[in-house]
Amino acid sequence: MANEELHQRGYLATGKLKGRKFGIFEEFNIGGTTVRELKASGVTIVIPKTVGFPFTTYKAPKNPGLCRPDRLFCSRDGSTLIPVAVAEHKAPKKLRVGRDQRYAEEQVVFSGVASNARVGIVSDGKTFRYIDINGSLAAGNIAYFDESRDFVPAVLENILEGTSGVVLDPKPLAESVWQIIWQATKEEPKTCLLTFVEIFVLKFLSDNLPLSILPDAYRFDTLTGDPLAFQQAHGRSAIEYYVDTIRPKIKQLFPDNTVVHGDTVPNIFALNTIVSKTSIINGFAFLQSSTASLASFNRTFLEIIREFEVFGPLTTIDPQFKLRLYETFLKRSARQQKLGQFFTPRTVVRPMVRMARLETLPDDAVVLDPAAGVGGFVLEPPLVVDGMKNNVRFAKGEPLRHINLVGVDVDVNTHILAKANALIHFAEELRRPTVTLPALNQLLAQTFVLMNENATLGSLMNPPSETVDVILSNPPYVTRGSAAVKDEIKEVGTGGNGRDLREVYDRTGLGVESLFLRYIVAALKPGGRAFIIVPLGLLNRTEPGPKREILQYCNILASIALPRNTFFNTAQLTYILILEKRHTTADERPQVLAAIARTIGETLNWERVPTPEDNDLDDIADIFVELAEGKSPALLPFTRLIADDEFTEDDRWDVARFWTEEERVALGLEAGAISRAEFIEEVDSEIAEIATELKAVGKEIADLQTGPVEEWEIGDSAHFTVASGTRITGAQLRANPGTLPIYSCFKNDRIVKGHVDETFWTNLGGDSYDKPFVTINANGASIGKVYVREDRCGITDDVISVVPLSADISIDYLAIALQDAVNAGRFIYEAKLFVGRVRELVVKLPVRNGVLDQERQSKISAAVKRFNALKTRLIDLGARSETARTV
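For what it's worth, my numbering labels the leading residue of the sequence shown as 14, then goes sequentially.
Some hints here could point you the wrong way.
To be verified - 20 Å max Cα-Cα, derived EDC-like pairs, lysine to aspartate or glutamate:
#1 Lys-766 <-> Asp-83
#2 Lys-760 <-> Asp-810
#3 Lys-884 <-> Glu-895
#4 Lys-784 <-> Glu-803
Hints are computed from structural coordinates only; laboratory data are not their basis.
In this text, all values refer to a predicted model and were calculated from it rather than measured experimentally.
Please put together the full structure from these sequences, using the hints given.
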């Protein structure tokens, strides 16, 4: 018979044992219920006969089944409740260091062993100790988990999964959540992204802040659970509770109008004070609608909450993901193009930071980005520069910085994203007991400065005067509308710091980028350096005045051409221009590094696939650093040292002119005319090269395939699950939009038929695949194409799924083996691949000593991928041959 306490606390209200939701776990706050009674009520426990631990202060009961834990935490698998943690609570006076503490820790070890839990928690409500139950048994002494945060669901999940220090990339989470928000609101990408960031920040703070700072009522987990129960408990929906209660609390923790302490940052801009005007959240999309009530978005809001809950704790975050996120979702925004906001890829930011040699700067040096955006140039240096990894420390409630990294922007929402980005970068600091939240908020205020008192001028309103050591920036570049900015300069006259703007920006030439260039020249200290991304047009303009002004104050150190399509949302040709502020007009000018980067370490199409082995820009950065260190580096074919007198006010400052047409063609920069004889020689040479590589990879594959194999029938249900997808029409997809991607029989494996509501898909009879599997196109022109599906998805009835039941089968290898089997079967459009035919296929799997050889599967997969890449190279050669201009 179930214990009376379980009835009184409502754990048996539904007739079956169900605890209070605690993140992804269930909590039973008991104390009067024995382990034996918990087992009788439905908890899966194997009660040990004894507990083999050398207790010294705690008098353990002889019968472990009579143990009464204060709290029990379980995970649920269907109807099965599995204990994972126990907690013992003591009054502060009974948890003092020494005998009392040892007593409590031994008690929780006994409770943990008796209930089969892995984690023990001892707490007085203010401090928490996490006991490794199995480790304690093995050591014969108390063993602890390396965890110091307050006890919240994320902490328990981190301990059980061992993920506290595992770096996570939340980009997949962001993509799914962004899609949910957009489907519900149809808001602009930036607003959708800001909404994602709001919930992200809430989850992040909830997983890391102490309960004393962020109590239970304001935490992410408060919003999870049954929506009806939430409505009854709080008198409003979860989304209304978030907006009315939680959101103001977050803004209270990171308040608006924070005064920047000290005079370092104000002195940069010659301002008396600087006030950080914003919190770290804003732009909640569900507040934007004028046609729907807030409560009507509750279902969508809870769908987002569930996505975050399923993703897991946000403890150690890939610090680059926010920048990648911005690039991914805002790369094609028309509004961005209008504003000239072309966000800089990390593959460009990193070499620019390396060239800046920030590790050589003295204490209190200033690094500035006057057009910071989401903060790549400001936040990247500690990740790229070894000497800056500990650039920030905290003492006496204040942040202390070795080098002052400062970013300025005019756009409020972008500024807020930058501050939130910084918060994630300082995630580890957030968990240190010596770091206060006001100190962290102060660091954000000192790092990112919003200058929007004049929305037209932005940071141009307060130009510094020789106060900056290094500038790293990608200023906006637009010519249309720049006249309005210049008119505003004339109208305003004097900036907020008292400088005459008409004098600062006199004779700047066309474009907003010219104004920023003048700002940058004025801001640098003598000897200071600027690394700026500029459009080709700025370097090619014929008007001598702007160049004369720059040359009066600066030396040109380098002019580096970036490949077309370096930036996501513009094909405009751009350069990295590197300047050095002169000490005197008599200073000797150095040679200029001229370089043409053909590659930047990632493909320049929409896919942006990393190509670290193919990165001219990194090589150029290496050469520049060696030159800056006084060395004589070996130049590469796409780099040259040019005399300074080739970069006068009357010259073009681009660099292609320093290479002949033949040289540019040799570098692959231009498809110039070619003789038929040369064409034959070139193609013959490339074919020979491809043939050589094909032979090498073919031999490698053949050698790998000479080992023993076993033939496995795809139709063997003991090893594989084979199923056809579900029929769904385009009309049904459009009528039931959602987040679940549906794949069909396309030639490109990345093409999605659409995204459908998961409930509709389930009701339609469709399966959702959560783990990687293989698909075979069963119909159409691409019949027989085999793809690997990594993401959670569904498939149409024109596709067949093959799911291996053994973890020893490599998904990549299975796809290759299936493709071989399909190709050998000569399936064509008239011979459609039905499930029955797929089940007849046989794949050959490498084995060693009678078991599947995972290592050989992996090597074969890699070799076949290289083989396929060579096939693609042949296709590209054919395309180039078709368009070649032969004479």
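Hints versus structure:
no. : hint                : result
1   : Lys-766 <-> Asp-83  : violated, 52 Å
2   : Lys-760 <-> Asp-810 : holds, 16 Å
3   : Lys-884 <-> Glu-895 : holds, 17 Å
4   : Lys-784 <-> Glu-803 : holds, 7 Å
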